[in-house]
Amino acid sequence: LAKTTQPISMDSYEGQEVNITCSHNNIATNDYITWYQQFPSQGPRFIIQGYKTKVTNEVASLFIPADRKSSTLSLPRVSLSDTAVYYCLVGADLNQGGKLIFGQGTELSVKP
Amino acid sequence: GAVVSQHPSWVICKSGTSVKIECRSLDFQATTMFWYRQFPKQSLMLMATSNEGSKATYEQGVEKDKFLINHASLTLSTLTVTSAHPEDSSFYICSARSPRTRLMDTEAFFGQGTRLTVV
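Top to bottom, those sequences are chains A and B.
According to the numbering used here, the stretch in the first sequence is residues 843 to 954, in order.
According to the numbering used here, the stretch in the second sequence is residues 37 to 155, in order.
Hints may be right or wrong, so weigh each one.
Each computed DSS-like pair below joins lysine-lysine, with the alpha-carbon atoms no more than 27 Å apart [what the hints assert, rightly or not]: (1) Lys-911(A) / Lys-56(B); (2) Lys-77(B) / Lys-941(A); (3) Lys-56(B) / Lys-91(B); (4) Lys-102(B) / Lys-941(A); (5) Lys-91(B) / Lys-77(B); (6) Lys-845(A) / Lys-894(A); (7) Lys-77(B) / Lys-953(A); (8) Lys-77(B) / Lys-845(A); (9) Lys-941(A) / Lys-896(A); (10) Lys-845(A) / Lys-911(A); (11) Lys-941(A) / Lys-911(A); (12) Lys-941(A) / Lys-56(B); (13) Lys-50(B) / Lys-77(B); (14) Lys-894(A) / Lys-911(A); (15) Lys-91(B) / Lys-102(B); (16) Lys-941(A) / Lys-894(A); (17) Lys-56(B) / Lys-845(A); (18) Lys-50(B) / Lys-100(B); (19) Lys-102(B) / Lys-56(B); (20) Lys-845(A) / Lys-896(A); (21) Lys-102(B) / Lys-50(B); (22) Lys-102(B) / Lys-77(B); (23) Lys-50(B) / Lys-941(A); (24) Lys-77(B) / Lys-56(B).
Note that these hints are calculated values from the structure, not bench results.
Input sequences plus hints: build the corresponding full structure.
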């Protein structure tokens with residue numbers, strides 16, 4: 843399973859765009875990149891998933907360069923409620939017996 | 037999206053007793069569920085993979101006789117912490133694979149977690 847590296851923490855202010863970058867130098871050809879969000883004392887929640895280039899949904903965008911050795915989660919105009927831990931995961935095709943292995947995550951703190 | 041529910045949300049038990057935590061997929065069938073443990077300020081640690089109708093697969097270092105997992109149906113998996121000790125106090129979370137059928141699937145849905153305190 844590819845190892846991921848993220849900043850341990852980030853600070854931001856309400857209304858700003860936040861970009862969290864994750865490094866995954868050993869990503870395999872079949873690996874997807876998935877981001878989860880976790881609030882204190884809750885289970886993680888799926889945010890977005892991608893394989894290459896750019897993916898956008900109603901809450902975030904995911905940018906993946908051509909070499910796929912990193913990815914960037916972009917949260918537009920964050921609010922206080924976006925304060926959480928964000929996890930980047932790589933690989934784990936759950937249909938083929940894969941597993942979701944969590945790295946350290948990035949603790950995002952949004953201030954007024 | 038799909039819903040995974042855990043029960044109880046929190047539990048306090050005496051040292052030496054056993055505690056059962058339930059994980060249910062409410063609106064889909066889950067042949068595979070996963071159990072995690074999370075200590076304060078730490079990431080989720082995968083404990084085991086629960087397969088319906090067969091034995092669970094435990095991660096290295098996880099005692100299978102202490103953390104009993106049963107996946108008796110496609111919608112229910114249970115984790116029993118046997119002879120609990122204070123060091124077993126933690127946040128336990130289950131998850132189930134999304135029922136989507138696309139070729140590559142790495143999305144899972146997580147329960148709300150169970151806070152276990154052993155006194």
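For each hint, the structure was consulted:
A threshold of 27 Å between alpha carbons decides the hint, and for Lys-911(A) with Lys-56(B) the separation of about 41 Å lies outside it, so the pair is violated. The suggested pairing of Lys-77(B) with Lys-941(A) holds, with an alpha-carbon distance near 22 Å, which does not exceed 27 Å. Straight-line distance between C-alpha atoms of Lys-56(B) and Lys-91(B) comes to about 17 Å, which keeps the hinted pair within the 27 Å bound. Between Lys-102(B) and Lys-941(A) the alpha-carbon distance is near 22 Å, which keeps this suggested pair within the 27 Å criterion.
The suggested pairing of Lys-91(B) with Lys-77(B) is violated, with an alpha-carbon distance near 31 Å, which exceeds 27 Å. Proposed proximity of Lys-845(A) and Lys-894(A) is supported: the alpha carbons are some 18 Å apart, at most 27 Å. Between Lys-77(B) and Lys-953(A) the CA atoms are separated by roughly 20 Å; this keeps the pair inside 27 Å, and the hint holds. Simply put, Lys-77(B) and Lys-845(A) have alpha-carbon atoms about 20 Å apart, close enough for the 27 Å limit, and the pair holds.
Proximity of Lys-941(A) to Lys-896(A) is assessed by CA-CA distance (about 24 Å); at most 27 Å being required, the pair is judged to hold. The hinted pair formed by Lys-845(A) and Lys-911(A) meets the criterion: a straight-line CA distance of about 11 Å does not exceed 27 Å. Between Lys-941(A) and Lys-911(A) the CA atoms are separated by roughly 20 Å; this keeps the pair inside 27 Å, and the hint holds. Between Lys-941(A) and Lys-56(B), the direct Cα distance comes to roughly 23 Å. Compliance with the 27 Å bound is thereby established for this hinted pair.
As the CA atoms of Lys-50(B) and Lys-77(B) are separated by approximately 24 Å, the hinted pair is consistent with the 27 Å bound. Between Lys-894(A) and Lys-911(A), the direct Cα distance comes to roughly 10 Å. Compliance with the 27 Å bound is thereby established for this hinted pair. The suggested pairing of Lys-91(B) with Lys-102(B) holds, with an alpha-carbon distance near 14 Å, which does not exceed 27 Å. In summary, the hint linking Lys-941(A) to Lys-894(A) is supported, as the alpha carbons are separated by about 21 Å, within the 27 Å threshold.
A hinted pair counts as satisfied when its Cα atoms are at most 27 Å apart, and Lys-56(B) with Lys-845(A) does not qualify at roughly 33 Å. This hinted pair checks out: Lys-50(B) and Lys-100(B) have alpha carbons roughly 21 Å apart, not beyond 27 Å. Of the supplied pair hints, the one linking Lys-102(B) and Lys-56(B) holds, its CA atoms being roughly 12 Å apart against a limit of 27 Å. With a C-alpha separation of about 21 Å, the suggested pair Lys-845(A) and Lys-896(A) falls inside the 27 Å cut-off, and the hint holds.
Annotation: proposed proximity of Lys-102(B) to Lys-50(B) holds, straight-line Cα distance about 16 Å (limit 27 Å). Distance restraint check for Lys-102(B) and Lys-77(B): the Cα-Cα separation of roughly 24 Å lies within the 27 Å cut-off, and the hinted pair is therefore satisfied. Annotation: proposed proximity of Lys-50(B) to Lys-941(A) is violated, straight-line Cα distance about 33 Å (limit 27 Å). Distance check on the hinted pair: Lys-77(B) and Lys-56(B) sit about 24 Å apart at the alpha-carbon level, within 27 Å; holds.
The structure does not agree with the numbered hints 1, 5, 17, 23 stated previously, though it agrees with the rest.
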